[in-house]
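**Q** Residue numbers (the working numbering), protein chains in the order written: chain A, 1 to 389; chain B, 1 to 389.
Bear in mind the hints are in silico, worked out from the structure with no lab data behind them. Even glycine gets a Cβ: it sits at the ideal position worked out from N, Cα and C. Hints should not be assumed to be uniformly reliable.
For lysine to any residue, the following SDA-like pairs were computed, each having C-alpha atoms within a straight-line distance of at most 20 angstroms [what the hints assert, rightly or not]:
1. A/K115 <-> A/A135
2. A/K339 <-> B/A354
3. B/K339 <-> A/K115
4. B/K339 <-> A/R317
5. A/K115 <-> A/A45
6. B/K339 <-> B/A350
7. A/K339 <-> B/R317
8. B/K339 <-> A/A135
9. B/K339 <-> A/A45
10. A/K339 <-> B/R319
11. A/K339 <-> B/H316
12. A/K115 <-> B/A354
13. A/K339 <-> A/R317
14. B/K339 <-> A/R319
15. A/K339 <-> B/R141
16. A/K339 <-> B/R313
17. A/K339 <-> B/G314
18. A/K339 <-> B/S51
19. B/K339 <-> A/A125
20. B/K115 <-> B/S51
One side of the interface only, derived from the structure: several residues of chain B facing chain A at Cβ under 10 angstroms [stated by the list, open to error]:
21. M214
22. P216
23. V384
If you only want the chain A side, here are some residues facing chain B, beta carbon under 8 angstroms, derived [unchecked claim]:
24. L15
25. D28
26. P31
27. A68
28. M97
29. E99
30. R141
31. L145
32. R186
33. G285
34. R319
Protein chains: 2
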Amino acid sequence: MAPRGTEHVALVHALGRVLAGDVASPHDLPPFDRSLVDGWAVRAADTETASQQTPARLRHAGEIRMGAPARIAVGPGEAVRIPTGGMLPQGADAVAMQEHVQTGEGEVAVERAVKAGENVVAAGADVRTGRVVFARGRRLRAPDLGILAGIGRPRVQVTLQPRVAILSTGDEVLAAEDPLQPGTVRDMNGAALAGAVLASGGIPEILGVVRDEMAPVEAALRRAVAGYDMVLVSGGSSVGERDIVTDAIARLGPPGIIVHGIAVRPGKPTVLAAVGPVPVIGLPGNPVSALVIFDLFARPVLERLLGMDPASRGWHRVRARLAFRLPSAGPREDHRRVKLEMRADGLWAAPLPAGSQILTSLTEADGIVVVPLGGDGFAAGAEVEVQLL
Amino acid sequence: MAPRGTEHVALVHALGRVLAGDVASPHDLPPFDRSLVDGWAVRAADTETASQQTPARLRHAGEIRMGAPARIAVGPGEAVRIPTGGMLPQGADAVAMQEHVQTGEGEVAVERAVKAGENVVAAGADVRTGRVVFARGRRLRAPDLGILAGIGRPRVQVTLQPRVAILSTGDEVLAAEDPLQPGTVRDMNGAALAGAVLASGGIPEILGVVRDEMAPVEAALRRAVAGYDMVLVSGGSSVGERDIVTDAIARLGPPGIIVHGIAVRPGKPTVLAAVGPVPVIGLPGNPVSALVIFDLFARPVLERLLGMDPASRGWHRVRARLAFRLPSAGPREDHRRVKLEMRADGLWAAPLPAGSQILTSLTEADGIVVVPLGGDGFAAGAEVEVQLL
Chain A
1 MAPRGTEHVA
11 LVHALGRVLA
21 GDVASPHDLP
31 PFDRSLVDGW
41 AVRAADTETA
51 SQQTPARLRH
61 AGEIRMGAPA
71 RIAVGPGEAV
81 RIPTGGMLPQ
91 GADAVAMQEH
101 VQTGEGEVAV
111 ERAVKAGENV
121 VAAGADVRTG
131 RVVFARGRRL
141 RAPDLGILAG
151 IGRPRVQVTL
161 QPRVAILSTG
171 DEVLAAEDPL
181 QPGTVRDMNG
191 AALAGAVLAS
201 GGIPEILGVV
211 RDEMAPVEAA
221 LRRAVAGYDM
231 VLVSGGSSVG
241 ERDIVTDAIA
251 RLGPPGIIVH
261 GIAVRPGKPT
271 VLAAVGPVPV
281 IGLPGNPVSA
291 LVIFDLFARP
301 VLERLLGMDP
311 ASRGWHRVRA
321 RLAFRLPSAG
331 PREDHRRVKL
341 EMRADGLWAA
351 PLPAGSQILT
361 SLTEADGIVV
371 VPLGGDGFAA
381 GAEVEVQLL
Chain B
1 MAPRGTEHVA
11 LVHALGRVLA
21 GDVASPHDLP
31 PFDRSLVDGW
41 AVRAADTETA
51 SQQTPARLRH
61 AGEIRMGAPA
71 RIAVGPGEAV
81 RIPTGGMLPQ
91 GADAVAMQEH
101 VQTGEGEVAV
111 ERAVKAGENV
121 VAAGADVRTG
131 RVVFARGRRL
141 RAPDLGILAG
151 IGRPRVQVTL
161 QPRVAILSTG
171 DEVLAAEDPL
181 QPGTVRDMNG
191 AALAGAVLAS
201 GGIPEILGVV
211 RDEMAPVEAA
221 LRRAVAGYDM
231 VLVSGGSSVG
241 ERDIVTDAIA
251 RLGPPGIIVH
261 GIAVRPGKPT
271 VLAAVGPVPV
281 IGLPGNPVSA
291 LVIFDLFARP
301 VLERLLGMDP
311 ASRGWHRVRA
321 RLAFRLPSAG
331 PREDHRRVKL
341 EMRADGLWAA
351 PLPAGSQILT
361 SLTEADGIVV
371 VPLGGDGFAA
381 GAEVEVQLL
């Protein structure tokens, strides 16, 4: 799996996008030795013994203008006026702050010694010429855009965003627009998965609800595989009497189904498949399971289609103590939604309702705790790792 | 400060937007008692003594169709076939899983007792009729979109996104597009702040670089205040010889400057002002300071213009132990960038370079540790709170 292409975008449109190649700096950043203060560029050695009683008296040799090259050189016994951000002139190796300098007729009195390099940020202190500032696969954040602007990259090459088709199945499922009939529910997965795809850097397209019969499901899947970079289909894949979605995926073509059914709660009825280069993921019908499985399997796939280095996703793990016991879900790994609370004695995680029908257990959650399969689960007060949402 | 208006958007465009009003559910979610499994709807009392040896023999009284109203009632001694997600028929109070039922001619044998409510999710278990599912001010996340779809809200009313003008000042500052000249640097704040505004829910507009002179700075600020909901201007506000940006802000009109200079490192030269309803924030010229001050002052202002409840920003605090000592920055609160690392004995935070000229200290950071002003700072190994970026 790889990005299907790249494009150039302006920096303001590059937030959250993934770099298509390494970016190296064509020059030092800052590009020259800069003064950190308003003051006087000097040779540090000239100020070695300076004090308020015995100031170092230096010849006023000129002034550095902001944004202009430093044409004056600072010779021994000389000082040159320099503004904050000004370019350090040749010969100088430090800047005396104006607060510690008295100015007189043609001379200045430096009343405090400065060390070499003092009040100066050296050329290349932030980024050195040729250094790879951001590696291919980085998802760009706000400060990154500043660096890219600083090294003269008003546009960057990023990977194309994968287009993700979202299908829902079920004879009882209506669109959000439809009036509710007895025995029917509205499609919650379409909107929830579209949000998850967007948040992960993809472009979602909700293709709607398909009746739970082979012909329409297979036809809808074929259209989705032909027109999109990835396909999510929810519902209908539980290992029961009818398993039309799984059968339909199996008919689409090689390599076909790779995994069917996983030992995770919620989310057992999960299908991982591919048709040619297009990943097809069958998600459980209920929205909590669908979103948990999305995070676990679909987002990593989407990130590979984005060419994204998962390390650039930002920090999203914390440790917390469990407010109450979480028993093991037996033969399945349990992904429990928790709410976090900072107390005086540290961070606590309170588990929310277990039922995968309760989507509000996810809207109220701050994170997920994974309870391993088998074993005793976690005792109340146990320290656990929480994946932040 | 309040949102300047609201708009209706489709759910797929509502991710990250802020609700303009409370959203209550017009019906229960799920709208009816639903079966969690494929099986048989029964009266739990009829199965009380059921076992493999002595199954409860019930009359096969019909079948519930998926997506259809449950027209059949379940009488004493009866069972009705029901699919996962099917509507529980009147009279029934539980579902026996098909794995525990043998079917015969006109009757079914339930081989395991079920309790009232077993394998059923009750109407309203997720959301009850009339309950406010999301309060005004909530920033919408992916699972929220699922709930909104489920309660029949394909479109929601959200607040308008504030338009934020971004100005940079400085005679030495060029646009990212410009070729570098000796003594000049490129504008890094425009792009970095645009990214920060976008990530916070605003619409940034980079108005470019203005020469550090009163007339052009004042004119640019007046245009920005007239045309945008918020103005960010960076550079030129240090308390030095020239303080044109601060003076220009002071001329714009009442209420004017509220705060000038704050005891924070990096970021001392900060101006908080307003012109009529438009907040104007003067940020330091160097990008690390500008972004730290943005997080501290500009983002909360932007969130108020969005009408956003800050609690809906998601969890963004962790505790970690300091990999090495962080001394106090004396009379200023120090905002130090740190990199997080999960070790066997817990989470550790390694401080990155202190210099506010080093923007790579922010691009490499996972979070910020605030060292209080005065005092001794933090010892190596001390547990500190980290604000995640």
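**Q** Could you check the structure against the hints above and give me the numbers of any it violates, in ascending order?
**A** Per hint list: 1, 2, 3, 9, 18, 21, 22, 23, 25, 28 and 29 violated.
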